[in-house]
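Undergrad: Kindly generate the complete structure, drawing on both the sequences and the hints.
There are 2 protein chains.
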Amino acid sequence: VNPTVIRKSDTGSVRSVHRRAVDGDRNALARLLTVIESEPATASPAVWSNTGDAQIIGITGPAGAGKSTLTSALLTQLRGKDLPVAVLAVDPSSPYTGGAVLGDRLRMARHTLDPGVFMRSISARGHHGGLAASVPLAIRALESAGFAYVLIETVGVGQAEIDIVKFADTVVVVLAPGWGDGVQAMKAGLLEIADILVVNKADRPGLAQTTAELRALHTQVRGSVDHSPVSIVETVATDDKGLPELLDALSAHRDVLLQASGALLRERRGRAAAEHIRFALGVEMERRRDAILDSPAFAHEVTAVTERKTDPWTAALRLIITRSPEV
Amino acid sequence: VNPTVIRKSDTGSVRSVHRRAVDGDRNALARLLTVIESEPATASPAVWSNTGDAQIIGITGPAGAGKSTLTSALLTQLRGKDLPVAVLAVDPSSPYTGGAVLGDRLRMARHTLDPGVFMRSISARGHHGGLAASVPLAIRALESAGFAYVLIETVGVGQAEIDIVKFADTVVVVLAPGWGDGVQAMKAGLLEIADILVVNKADRPGLAQTTAELRALHTQVRGSVDHSPVSIVETVATDDKGLPELLDALSAHRDVLLQASGALLRERRGRAAAEHIRFALGVEMERRRDAILDSPAFAHEVTAVTERKTDPWTAALRLIITRSPEV
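Chains as they are written, first to last, in the working numbering: chain L, 8 to 334; chain Z, 8 to 334.
What the hints contain is simulated information worked out from the structure, not anything from laboratory work.
Please note that a few of the clues may not be correct.
As the list makes no split between identical chains, a pair holds if one copy fits it or if it spans any two.
Taking lysine to aspartate or glutamate and the DMTMM-like style, the derived pairs with C-alpha atoms no more than 25 Å apart in a straight line are [what the hints assert, rightly or not]:
1. Lys316 with Asp60
2. Lys194 with Asp297
3. Lys88 with Glu252
4. Lys194 with Asp246
5. Lys173 with Glu293
6. Lys194 with Asp32
7. Lys173 with Asp301
8. Lys316 with Glu46
9. Lys88 with Asp32
10. Lys316 with Asp17
TA: Take a look at the structure:
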């Protein structure tokens with residue numbers, strides 16, 4: 008078997024690639040992520056067979072808040088602990104995928120030669136137009152490959168991005184002073200999902216007001232949803248200002264997650280698992296529908312309906328029921 | 008059994024309501040359309056059991072072209088033949104439904120007392136956010152109730168509207184001189200679906216140019232798709248000008264459909280049947296997915312995935328396969 012080729016549905020090959028990825032082979036990891044993107048169902052059992060102990064950190068926020076600069080600065084801070092870090096950049100609006108994008112960014116370029124950093128862009132556009140069912144699996148693959156931190160950075164702040172950061176253990180929302188008002192962030196659903204609010208570009212005017220407003224709004228929004236406390240951290244990512252404080256906030260949130268034998272972490276991962284299965288169900292059912300539409304049985308029913316020998320809904324039900332469930 | 012109540016999935020009651028609708032009971036017909044909107048799968052066998060012989064006329068076009076005035080004027084013309092006419096107004100962007108909307112329109116008001124005219128608005132927003140799977144069934148219900156003409160008028164010109172008029176035998180696209188240019192209509196996919204192009208408001212400047220441009224573009228677009236000829240009719244619907252010519256064009260298109268033992272009509276209805284089954288499949292599969300997500304088995308799989316006893320994709324496949332197909 009040519010090791011550079013993974014045949015469709017060849018779970019054996021995927022297992023071997025995954026084993027090498029877990030053993031630290033970064034090329035194998037990159038290949039595994041490619042398989043995950045195109046055939047998540049095939050990759051899933053292998054990926055799930057290994058546990059890990061990463062803190063999954065989701066980073067989101069509106070354009071212009073300095074998200075990507077902050078991600079890069081955070082990467083530098085985390086690497087100061089000499090633990091391996093993975094960065095997954097997700098752009099739900101782009102069908103583009105591959106490993107190059109992140110490393111091409113000026114800010115990220117300095118990390119490309121660091122063997123303790125793994126960077127990857129992933130398309131969040133699923134095969135059927137929906138949200139990428141592969142994103143949560145990619146996160147687990149990185150965790151199982153032994154990274155201590157997995158950063159997920161989203162490009163925009165739409166519903167798709169919010170759905171993605173829900174797979175994180177700790178959600179960091181990056182805003183800037185004067186970015187609209189806190190009310191905008193609240194409307195966008197950002198405050199509801201934030202565990203840590205970063206007010207980046209803290210050297211800009213309006214800082215105190217923005218911070219105060221965010222604190223008030225967050226308490227209001229989150230109070231009823233979840234009882235984990237929020238930290239608001241003010242940063243100037245271009246100068247690494249506030250980054251140690253952000254590191255502390257991340258560590259503190261990790262402690263909260265692990266309290267009471269990890270009750271909150273388990274709750275979050277349970278929610279992520281439910282969402283993951285829901286994604287997978289959607290993809291698998293679409294695949295079944297497409298298979299039905301391509302089948303001779305479908306063409307047969309069309310003729311029967313046209314000739315009024317049956318009606319369209321009875322035909323549809325028959326196609327679903329008689330379809331072998333294994334296909 | 009209280010005749011005003013139709014229990015869920017009571018195909019017997021639906022059959023009896025349908026029988027009365029076919030016998031000319033307009034209240035029964037209105038009730039049947041309500042059942043179709045909420046439970047198309049239940050209504051479908053009864054509706055499909057009766058044939059009919061209507062010309063299904065789809066009317067679409069951009070806002071401002073005078074679609075609804077034209078529909079009303081056409082209604083008057085068609086009624087001149089003393090044959091019953093049904094009008095179905097479809098607004099894919101509105102969840103609003105009911106019989107009142109059409110009759111409330113000033114132009115349509117004069118038809119409300121005519122017993123040979125049946126008007127109905129129908130929501131095209133399906134239960135699962137998709138296109139209304141009930142629209143094609145409503146069309147067939149009106150046909151089986153003995154109408155000679157079924158006019159389907161759409162409100163906008165998005166993809167949803169284009170999908171709806173595809174259920175028509177004859178598609179009338181209404182434009183106005185100076186409505187952008189013909190190129191706009193081409194880009195919107197309107198020329199591709201038009202069997203008859205109406206240039207309404209023909210008393211406005213730019214008529215000759217618009218008509219010439221449309222003729223050239225239509226030949227270009229349609230030439231490769233379908234060989235049925237296009238008619239371009241110039242109308243001033245507010246004065247009934249050009250309406251007899253439109254009637255002739257509709258009749259001529261009907262003749263084309265019936266040529267060669269109705270080969271083209273059969274082809275169109277075959278395509279409509281395929282689309283109808285596709286709609287029904289989508290709705291039924293979504294219903295199944297929702298049922299799975301609500302089931303105790305789903306909760307069980309979530310726990311198993313969270314505890315890493317299984318993986319999300321294996322869990323999803325198991326939920327689909329073990330799900331009783333009848334539910």
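Undergrad: Against each hint, give a clear statement of whether it holds in the structure.
TA: Evaluated hints:
1. Lys316 with Asp60: Between copies only: 17 Å across chains, 60 Å inside a chain, cut-off 25 Å.
2. Lys194 with Asp297: Neither. Shortest intra-copy (37 Å) and inter-copy (28 Å) distances fail the 25 Å Cα cut-off.
3. Lys88 with Glu252: within (15 Å within a copy, 82 Å between copies)
4. Lys194 with Asp246: neither (30 Å within a copy, 50 Å between copies)
5. Lys173 with Glu293: both (23 Å within a copy, 23 Å between copies)
6. Lys194 with Asp32: neither (43 Å within a copy, 50 Å between copies)
7. Lys173 with Asp301: between (35 Å within a copy, 21 Å between copies)
8. Lys316 with Glu46: This pair counts as between: shortest inter-copy Cα distance 21 Å, intra-copy 40 Å.
9. Lys88 with Asp32: Intra 21 Å, inter 80 Å, cutoff 25 Å: intra-copy only.
10. Lys316 with Asp17: between (43 Å within a copy, 21 Å between copies)
Checked against the numbered hints above, the structure breaks hints 2, 4 and 6 and satisfies the rest.
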